[in-house]
Structures are given as C-alpha cells and as structure tokens.
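Q: Read off the chains here:
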Amino acid sequence: MGTSRFPPSIWGGDRKRSAEPLSQLLLRLMSLRGRGLWFRRPERIPDAWAGSGSPTSPSPRAVELLFAAMQRHLGSYPLSPGVRVKLVSAGFQTAEELLELKPSELSREVGISKEEALETLQIIKRECPVDLSRFASVSISGKKYTALELLEQEHTQGFIITFCSALDNIMGGGIPLTKTTEICGAPGVGKTQLCMQLAVDVQIPECFGGVAGEAIFLDTEGSFMVDRVADLATACVQHLHLIAGSHLEEEHQKALENFSLESILSHIYYFRCHNYTELLAQVHLLPDFLLEHSKVQLIIVDGIAFPFRHDFDDLSLRTRLLNGLAQQLISMANNHKLAVIWTNQMTTKIDKNQSMLVPALGPGFSGCSCSLSIITPGRTFREPPKTITRWKRRRIIFKDFAFVYMCWVRFTLEIFSSVIKGNHQVIINHLLKHLYRIYLSKNMVVNIKIHKYIYIIH
Amino acid sequence: MATKKLTRIGLSQDLCDRLSRHQVVTCQDFLCLSPLELMKVTGQSYQGVSELLYVVSRACAPQMQTAYEMKLEKSGGPSSAFLATTLISLDEALHGGVACGSLTEITGPSGCGKTQFCMMMSVLATLPTGMGGLEGAVIYIDTESAFSAERLIRIAEFRFPSFFNTEEKLLSMSSKIHLYKELTCNEVLKRIESLEEEIISNRVKLLIIDSVASVVRKEFDTQLQGNMRERSNFLAREASLLKYLAEEFSIIVILTNQITTHLSRDLTTQADLVSPADDLSLWGGTSGSSCVTAALGNTWSHCVNTRLILQNLESKRRQIVIAKSPLAPFSIFNYTIEEAGLVLQDAEGD
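Which chain is which? The protein sequence lines are G and B, in order.
If you read the first sequence in the working numbering, its first letter stands for residue 1, the second for the next number, and so on.
If you read the second sequence in the working numbering, its first letter stands for residue 459, the second for the next number, and so on.
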C-alpha cells in the first residue's frame, strides 16, 4: 500500500512520510479515528464497539468497512457541484477528513455557509455504512422533545382514577401514568388503604374510564390484608354494575363479564420483602417481570421507608441505595408507561422547641425524586361517635358511594372545580374543631370549614 | 434471604474468593455496591456485572403470589387466620379477631386491663380449635413482672367453666404457657432472636410481650442527645424481627404499650399529633392544653399493624377503641373487668 494515497492531513501536516508496515498504519488510523477512546480506562463503560472484539482491537471486518468508507472519494457523494469544487480546492479529498470537522469549522475553512456545511456533513454521514458516533462533528442523538410534543404526550397520558371525583379533579384526572407519586402520612391515616384501593382501580375496564391494567404490590410492612382487598374489589364490581345498568350500550356489559372478584385478585402480583436487600433484589428483577407481564400499569411499594430506617449506620450508603432505587423506579415508570406509587412514613423533626411532622428519609428523597406528594398530617376525623350504631350508620352511607378510605377522605374536595396539573403538594392541616387548612402549590392557601356542608372561609 | 452466602448461589469459586477478599460475602454486601464498584471488584465488563446482579437478585428476591392465591390459602384454613377474642362485637369489627401474621398492640393507661387482656388471650390460645382457640402454646415475655398464674387460672375457670372442670385440664393449660422474665432491652432482643427454635419445637401459636414500653423508656431518655435515634433504631429492629416471626410461622403477636402525655400550649400544634385516633383526650371530653398519646413515638406507631387502646371512663366502666387497623373502622366498645377477664357491655341507647 503506497503512502502517497494518503493526503497530508492524516500525518498532521508537514511530517515526512515514510514506509510503514500495514498493521501499524491501520492502528494509526484507528487511533486517530477513535481519539484514544479505545484505550481501556477503568472508569468508562465500553459501548457498541465491544460487540465482536475487545476495545483495544476491533474485529477485522469492522476495520475493513471503516477503512473503505473513509477512503471514499468526495466525488462519489451526491454533493452540489459548487460545494464540491470548494471542498476540493480547500484540499479535502476523502470523507474521513471532512468528518473530523464541525460544521462551523468547515464553513470557515472552505468558505461555504453554515447550512451548506451541515448539509454536506449529513449527506456524508448518511452514506457511511458504519456507526459514526465517535466523530466529534456528528451529533449524538439522544432523547429530545419539543415542549409541544411533551404537551401532546401529557394530554394523552392515562390516569388511574380513584373513584373519588374530588381527588381525581385535584390531581388532574387521577394518579398519573409515567410518573411517580409519593404518599406520606401519619400512621393509621390510610396510606395502605389507598394503595389497595388503587390496585383494584387500575384494573377497571377502559369503557368505564380506567386503564385496564394489572398491579404489582411490593410490601415491606406486612399490612396488606387480602380480606380488605376482597371487600374493595366486591364493592368496585357492584359499583360498576350499577353504572353499566344505567347505560344502554353493550360494551359495558361485555367488559364486566371478565371483571370479577377472582380476576381482580389474580391480577395483583404480591411480593413480601422482609428487608432492604430483598427489596433491592426485587426491583432489579422487575424489568424482566414487566416483560413477561406486559399489562402491568401500576407498581406500588408500600413502606419504602421501613426497611431503611433501622440497622443503617452508614447514612451515605442509605442515601445512595435510596437514590438508586428511586431512579430505577422512575426509569421503569418512563419506559414502560406505568405509574409508580410509594408510601413514606412521617417522622418528628424537632426544630427550635417546636416539633413538626415531616416525611421520613430526608427532604432530598421526597422532593427530588417524585413528581407528586400527598401529605396528610394531622387529624382526619374529629368527632368520636358516641355509640357504635351511629358509626355503623355512617359506614352504610359511605358504602353507598362505594369506597371507604376509613376516615381518610371524609371531607370531599368538591370545592376545587378547577383542574390543577403539574408538580404540586397538597397539604391538609387540621387547625381547630371544624376548621381545615389546605395548602396547594406553596402559594395557595384555602381555609375550609366542614360542618354539615363545606364552607370556604377567606 | 439477605444473608445468603454467595458461595451457595452458583457463582464460580474463584469469583467468590475474589469477592471475599473485598469483604463481599453475602448477597446483601453484593447488592449494596454500585455497578462501578462491582466492576472493579469482579474485574468484569458491564455486561458481566449485570448478569451477576441478575443471578444474585434471583437468589434473594421474594416469591411472587397473586392476591387470589393468598385468598385461597386463607380460606383453606379459616380458623388459623384469626384468634377470636370472645368479645363478640370486637371480633365482628376486626373481621374475626386478632389477626395472625401481623403485630397487634394494646395500649392504655395503667390499670386499664392490658395485662388482663393478655392473660385472657393466652388462655384462649390454648383452647382446642373447636372452641375457637388455636390449640397451641403461648410464649409470654414479661418485663414488668405483672403476670400472675393465680389470676390466669381464675380467668380460665370463670370463662369456660364447662371446659375447665377438672384440675388436670387447668394444669395442662398452664403448662402450655411459657413465661420469660426479661428486664433490659438487650435481653428482650436476644430473647426474641432466639425464639425460633422454641416456636417450632413447642408449636407456639401466640407470642405476647408485656410490655414493650417499660424497658425502652427505662433505658432511653429522649432528652439526651442521640438517644432518640438509638431508640428508634432499637424499636425498628425489634419490630422487624417480630414481623418476621409473625409471618414466617403464622403466629399471633400481641404487644403492650404505655401512654405518655404530650404537652402543648397551642391548640394549633395539636395537628402535629402522631395519629388521629391516638389522642385519648378526645373521648375523655376534656381537651386541655395537654393531651395523651401512645408512647414510643412515631416510629413505633408505623411499625404496628393494629392498635387497640384501652381507656377508663368512670370507676368501673372502660372503653376499648380500635385506633388503627387495616381491616376495621374506628370503633369504640365498652367493657368491664370481671372474674372472667374482660367482658363487653352492650352500647347503651341507640
């Protein structure tokens, strides 16, 4: 192979050409091409080149192809004549030289406009048979959207309805898919109830407004009660039958044929994780599980705080593990288009003689990793029933409206008729006997009074 | 299991040796490292490390069950899922009684009947299944030395006079109750850790710890710095051990707690209370500037699954409240303490 075929730019200018054995020549070319990316550094994760050979010596076939592609003369490309003339007069002869440059540099050197330079490079890139992501001038295409595309996506994205119209309204339709939601609350306030409720709600058929999906339940605290889920499922089935009865369409009746207690319970996949290692292991295995069960639309982690709150002397390890866990869940939510919900505990923070309840695991975990946080500190129920039967009466009333979240959603938020979207925190605080304060999005504060009806007080 | 050694899950021997040189011996250590650290330690590429992660995760991940399978399991053996307390309305509300596989806590001021309740439950657990019991042994960990065998016999005699009509039946019942007196936190924890063998060999169906709060409050003074965290640590560890025992062996766990006064000057800070129904002053009728809550704080409230609160109404009448339960709504029942233990009274009026 004669060295005269290689234009000066390979040797970097005025260097004297001397005869070199072919292998060394190839290695030289490759090192230029790779820009040292093929030398093994322990901190880099090797990528596509590692397919058929080790990073330091790519497979012979790949070398051949690249060589051939790089040496193709510019004249063989479908470039406009004016541009080609200018390129040749500037000294460019083969594709390889061109691809080393960025569009702005090319336009400056050759004297063509920036758009023409970009077009030229794109034509050459298109014609090349091998992967050219190594080259500085070729932009690495990642995931990018315009805001318009995201808006369209958000409009069409599904929600998991909770069957409490006020709660759905305030969250913009229900629990959003492709996003993560955190539910914090005092003990006994109803977090597990809400999770069990949602595991049933995700399975509602589409003609009733649901997403017809399945649910995965990762339990760390052991508070999942099958009997309660069976009650919720039965009530849901009855409620849907009522709705279908009032519609005259066939499809509602047909959809309900497959929606029975048995089918609802068989589509809730339950994992009991006794410690954080089992939780981490299961979350590692979830992507494969999701491939087998493609209809899953909801992942619930009940009690993400509990296994991490004891036996952890190394707090930085805990932070790292939690962040890794959150990231895995977020990526699953995005890639498989499902909703992820986790429940967090509340802990007492003592701040200047005043103690407050804040979500456990630190502010970094709730604030940064999820897109919606529902916090309900404080009392949810104020008047103790004097006798049992009065409570029973109330319970019957709630049953008619299908779902009882124990005392959780006792006050309905029907006063909020406007739809609020985006990242927000809803904090409901109980001040005095009948007075509640609701904080929305940091700036909106509404005081409501609940007696027999709901009044808004300004 | 988290502490499964890597040598047993099918990794090659020299890989295990290499890992153990870096102090990575169990699955837990393996999963705590980030992928980069794993690559350094194992000397493999990213692909290899992902495969190893998959193998290790498979070895210690829990088994999947659908909710339907769980329901079928439960309905297969209905008697073992709950222990009826023989307080009928309470059992109805709790869908059968005290649930097995989860932690139940009884809390209340002193002298309300917590130890009586525990003794009553131990008698019930030894009854044959035909009478609503579990026909098993009972482990009773007593930290306050409040257990009285005489009282136990009297409860049994008066509650089930037809069954316990001979002395040997009473004696055999009392031989099934294993009593341990532990006086410090560490002893309690060690005892719980060593319970597995006893549970299997004696066929234990009920575990009672009376009381959790007394040892903890004796040893951890929350005014001192750092003690709050240690206390939460200790409680969380205890809770996870107990939960593991409860689920693994399907036994009933009953714990006893005390109450504490929560002093607050401002009414608005009442909203910061731990749990809605823990505020006992609500039913007392007097809401002064101080309110009374279950002891051991927030962490412990999260750990227990069911909470029953006992409270005094007047001199003889008391109330039992279901404060936290995944199955039952918030309910209140009146009871008195008699010869036969706790006896429910019907609600007056309607």
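Hints in this document: simulated from the structure, not taken from any laboratory.
Since we're looking at a predicted model, the values are computed, not measured.
Take these hints with a grain of salt, some might be off.
[To be verified] To give a feel for the contact side, a few chain G residues facing chain B, derived at Cβ under 7 Å: (1) 88; (2) 271; (3) 285.
C-beta atoms are modelled at their ideal positions from N, C-alpha and C, and glycine is treated no differently.
Q: Does each hint hold? Answer for all of them.
A: For each hint, the structure was consulted:
no.: 1; hint: 88; in the structure: violated (44 Å)
no.: 2; hint: 271; in the structure: holds (5 Å)
no.: 3; hint: 285; in the structure: holds (5 Å)
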